[in-house]
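So you can see what is in the structure, the chains are spelled out below.
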Amino acid sequence: MASNDMIKLVTRAPASRRQFLIGAGTALAGMTLGAPAIAQSKELTIISNIGNASQREVLQRIASAYEKESGVKVAINNMDHEAHKTAIRSYLVVGAPDICFWFSGNRMKAFVQRELFDDISDLFARENYKSVLGPAAGAVTVDGRQYGLPLGGLLWGLFYRKDVFEEKGWTPPKRLEDLLTLGEKAKSAGMIPVSMGTKEMWPAAGWFDHMNLRINGLDKHMALMDGKMSYTDPAMLPVFDKWAELINAGLFSPNGTSFGWEQAAAALAQKKAAMMDLAGFIKYGFPESQQDQIAFAPFPEIIQGMARYEDFALNSIHVPKNAKNKENARDFLAYFYKPDNLAAFLETESAVPPRNDCPPSKDPLVNAAVESLKTVEGSAQYYDRDTDPDMAQEGLKGFQEFMAKPDRRDQILERLETTRKRIFKA
Amino acid sequence: MSTFWRNHRHWMAPTLFIMPGALLFAVVIILASAQTIWVSFFDWDGVGAKQWVGLANYAQLLDDPQFHVSLKNNLIWLAMFMLAPPLGLALALLLNQPIRGMRVMKSLFFVPLVLASVTVGVVFTWVYDPTFGLLSLIFSSFGATAPALLSDEHFVTFAVVVAALWPQVAFCLVLFLAGLNNLSEDLIGAGRVDGARGWPMLIHVILPQLREVSFIALAVTVIGALRSFDMVAVMTSGGPFGSSTVLAYQMYEQSIFSYRFGYGAAIATVLFVIMAVFIAWYLHTLLKPEREGV
Chain R
1 MASNDMIKLV
11 TRAPASRRQF
21 LIGAGTALAG
31 MTLGAPAIAQ
41 SKELTIISNI
51 GNASQREVLQ
61 RIASAYEKES
71 GVKVAINNMD
81 HEAHKTAIRS
91 YLVVGAPDIC
101 FWFSGNRMKA
111 FVQRELFDDI
121 SDLFARENYK
131 SVLGPAAGAV
141 TVDGRQYGLP
151 LGGLLWGLFY
161 RKDVFEEKGW
171 TPPKRLEDLL
181 TLGEKAKSAG
191 MIPVSMGTKE
201 MWPAAGWFDH
211 MNLRINGLDK
221 HMALMDGKMS
231 YTDPAMLPVF
241 DKWAELINAG
251 LFSPNGTSFG
261 WEQAAAALAQ
271 KKAAMMDLAG
281 FIKYGFPESQ
291 QDQIAFAPFP
301 EIIQGMARYE
311 DFALNSIHVP
321 KNAKNKENAR
331 DFLAYFYKPD
341 NLAAFLETES
351 AVPPRNDCPP
361 SKDPLVNAAV
371 ESLKTVEGSA
381 QYYDRDTDPD
391 MAQEGLKGFQ
401 EFMAKPDRRD
411 QILERLETTR
421 KRIFKA
Chain W
1 MSTFWRNHRH
11 WMAPTLFIMP
21 GALLFAVVII
31 LASAQTIWVS
41 FFDWDGVGAK
51 QWVGLANYAQ
61 LLDDPQFHVS
71 LKNNLIWLAM
81 FMLAPPLGLA
91 LALLLNQPIR
101 GMRVMKSLFF
111 VPLVLASVTV
121 GVVFTWVYDP
131 TFGLLSLIFS
141 SFGATAPALL
151 SDEHFVTFAV
161 VVAALWPQVA
171 FCLVLFLAGL
181 NNLSEDLIGA
191 GRVDGARGWP
201 MLIHVILPQL
211 REVSFIALAV
221 TVIGALRSFD
231 MVAVMTSGGP
241 FGSSTVLAYQ
251 MYEQSIFSYR
261 FGYGAAIATV
271 LFVIMAVFIA
281 WYLHTLLKPE
291 REGV
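Line by line, the protein sequences give chains R and W. The first sequence runs 1 to 426 under my numbering. The second sequence runs 1 to 294 under my numbering.
A few of these clues could be false.
Using 25 Å as the maximum straight-line C-alpha spacing, the simulated BS3-like pairs for lysine-lysine come out as follows [as the list claims (entries may be wrong)]: (1) R:321 / W:72; (2) W:106 / R:85; (3) R:271 / R:187; (4) R:425 / W:72.
Footprint (simulated), chain W over chain R, 3 or more residues, beta carbon under 8 Å [as the list claims (entries may be wrong)]: (5) 84-95; (6) 194-203; (7) 244-258; (8) 397-406.
Covered stretches of chain W (in silico footprint by chain R; criterion: 3 or more residues with CB under 8 Å from a CB of chain R, positions within the stretch not fixed) [what the hints assert, rightly or not]: (9) 239-246; (10) 251-259.
No lab work stands behind these hints: they were computed from the structure. Using N, Cα and C, we set each Cβ at its ideal position, and we do this for glycine too.
Given these sequences and hints, build the entire structure.
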């Protein structure tokens with residue numbers, strides 16, 4: 001069964017591509033009969049990893065509009081978000097689509113270094129993206145060249161329900177002490193202070209990012225991500241000590257390893273928990289009629305005077321190096337990236353548009369993030385996007401273990417340090 | 001042409017029939033296994049250039065605490081799975097009574113075999129859920145709180161194996177039921193004439209006739225235990241913090257998520273060796289009677 005599942009995972013991309021080819025072949029045959037001159041290379045394949053139905057719809061709508069305008073046939077192959085993370089590695093090598101979705105930053109760099117993403121600096125120059133993108137362009141730039149277009153930005157922080165906080169007379173915590181006090185109040189009201197499901201491990205790493213950015217700042221955090229700083233460095237100890245204090249105060253969901261973030265978000269929606277650490281997509285966990293109750297608050301300050309650094313993760317869209325229709329792909333990207341189209345696409349996931357000329361959003365969550373970003377002095381992306389994927393795997397596991405067994409701090413850090421030395425050859 | 005065929009068909013016909021299977025086996029099993037062993041001597045991320053590291057991956061395995069946990073869990077799987085054949089036999093004996101409605105009972109016991117193991121995994125995950133699961137309902141009816149089995153590093157492997165045992169017992173049950181249908185009436189009759197009933201009848205007359213079936217049940221169970229992967233993936237993803245990971249899952253995790261194909265291949269090779277030992281014993285036992293001309 002094991003090998004079966006793996007084969008399925010690995011071959012899913014080529015299979016769907018083959019289906020597309022059959023479809024495209026038929027379409028092409030039809031077109032050849034009608035208008036032989038334009039039949040060649042007027043096609044485009046996109047592999048999308050979008051899990052959200054309404055966002056998929058928007059993409060389809062943009063693609064159809066583009067089809068009408070340009071006469072290029074666009075086929076979108078939808079894949080499961082998690083399965084796509086593994087499938088992309090095989091399809092970039094054999095059977096690449098013309099456009100695919102991925103994550104900017106280090107995760108993009110991994111493919112750039114293996115020469116699997118196309119250099120689209122020409123598109124950047126032609127459309128003059130640098131002037132409208134600002135700092136977001138840096139997330140898709142390696143050695144001064146651009147390898148993708150940044151999509152929506154996810155600003156990570158604490159979320160709570162307005163109605164609950166109003167009813168109880170609570171205010172979002174400004175400092176870590178406030179978080180502890182609020183935790184006591186929530187517990188006496190029979191609620192979980194901070195909803196946290198670590199079955200998929202990454203939510204614990206987000207909490208680590210917050211703590212480390214608040215205590216050690218961005219430079220040290222990035223040094224750790226780049227493997228230049230040791231996990232056993234004394235600067236790491238206060239991070240884990242403070243974190244252990246929160247864990248021992250019973251701030252987080254009990255048995256957090258048994259469920260994922262969706263269930264944790266549901267607890268917040270059902271008023272069983274007071275707060276949760278996530279990004280704008282938390283609204284998927286809420287019924288539509290209650291989404292206007294969601295409010296955002298930045299992670300509380302820990303060391304006074306430390307500049308505000310946040311996790312701000314940017315998704316991205318790319319042209320694989322092995323794509324067959326690179327010119328059409330660029331053409332489509334330029335169309336897709338028009339302010340109106342991009343804004344419509346991002347609206348559905350409450351993501352912050354990377355372009356500064358997008359029409360203003362009607363989504364209060366987006367506007368809260370945009371407002372909050374104004375006082376952010378620098379940003380990381382997210383633990384598993386900033387560091388080496390191999391390191392991230394061990395790190396996520398370590399943070400998950402720490403949240404369940406805080407007394408194993410030294411063992412865990414020791415293990416992470418061994419892994420860091422192996423990966424970064426330090 | 002026809003004389004050529006007539007002269008050679010005694011070997012050509014079987015060869016042609018075996019060819020597709022043999023080719024598939026050679027490519028999918030033998031070639032893939034050989035390649036896996038080859039890859040295990042390299043440091044390789046699955047995409048870029050391979051770098052020869054000799055036995056370094058294996059040396060690292062010995063120092064990897066996760067590997068020891070996986071190996072230990074595989075042994076737990078193996079030991080607990082040994083319960084499946086006796087349980088299956090007991091159920092088969094129970095269900096083999098000529099009572100009205102027994103067919104319905106039999107088919108009910110087959111059900112887990114019909115379900116995909118992913119389904120079984122998901123269902124058991126719900127049963128174990130500490131907030132709304134069946135287990136917590138049972139516990140709370142006694143006024144106790146259910147342990148969160150899948151979050152506890154000591155219980156988690158046992159909880160997963162129990163879920164996996166359910167279809168495995170059903171499978172052994174089917175094998176034994178088929179075996180019980182093929183019992184020789186003469187031998188049983190002769191036994192009865194000699195006064196055998198109950199235990200002596202089971203142990204001296206019935207069980208010897210089920211030897212081959214038991215052997216197959218045992219073999220399938222051992223292989224089932226060693227290749228366990230899907231239940232772990234569905235129920236726990238190897239967690240919490242790797243405490244329910246088995247070798248097959250660790251191999252998957254290292255190759256796919258950590259981009260370490262060489263290391264993953266080394267784990268696969270270790271698993272292969274463990275299985276090879278067992279398969280050698282299996283083939284030896286299977287071929288012995290054949291060679292002796294039985």
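Hints versus structure:
1. R:321 / W:72: violated, 44 Å
2. W:106 / R:85: Not satisfied, since the Cα-Cα distance of roughly 43 Å exceeds 25 Å.
3. R:271 / R:187: Holds, at roughly 12 Å.
4. R:425 / W:72: Roughly 30 Å separates the two Cα atoms, so the pair is violated.
5. 84-95: It holds: at least three residues are needed, and the segment 84-95 of chain R offers 4 whose Cβ sits within less than 8 Å of chain W.
6. 194-203: holds (count 4)
7. 244-258: holds (count 5)
8. 397-406: holds (count 5)
9. 239-246: Holds, because 4 residues of the segment 239-246 of chain W bring their Cβ atoms closer than 8 Å to Cβ atoms of chain R.
10. 251-259: Per the Cβ count (6), the hint holds.
Taken one by one, the earlier hints fail for this structure at numbers 1, 2, 4, listed in ascending order.
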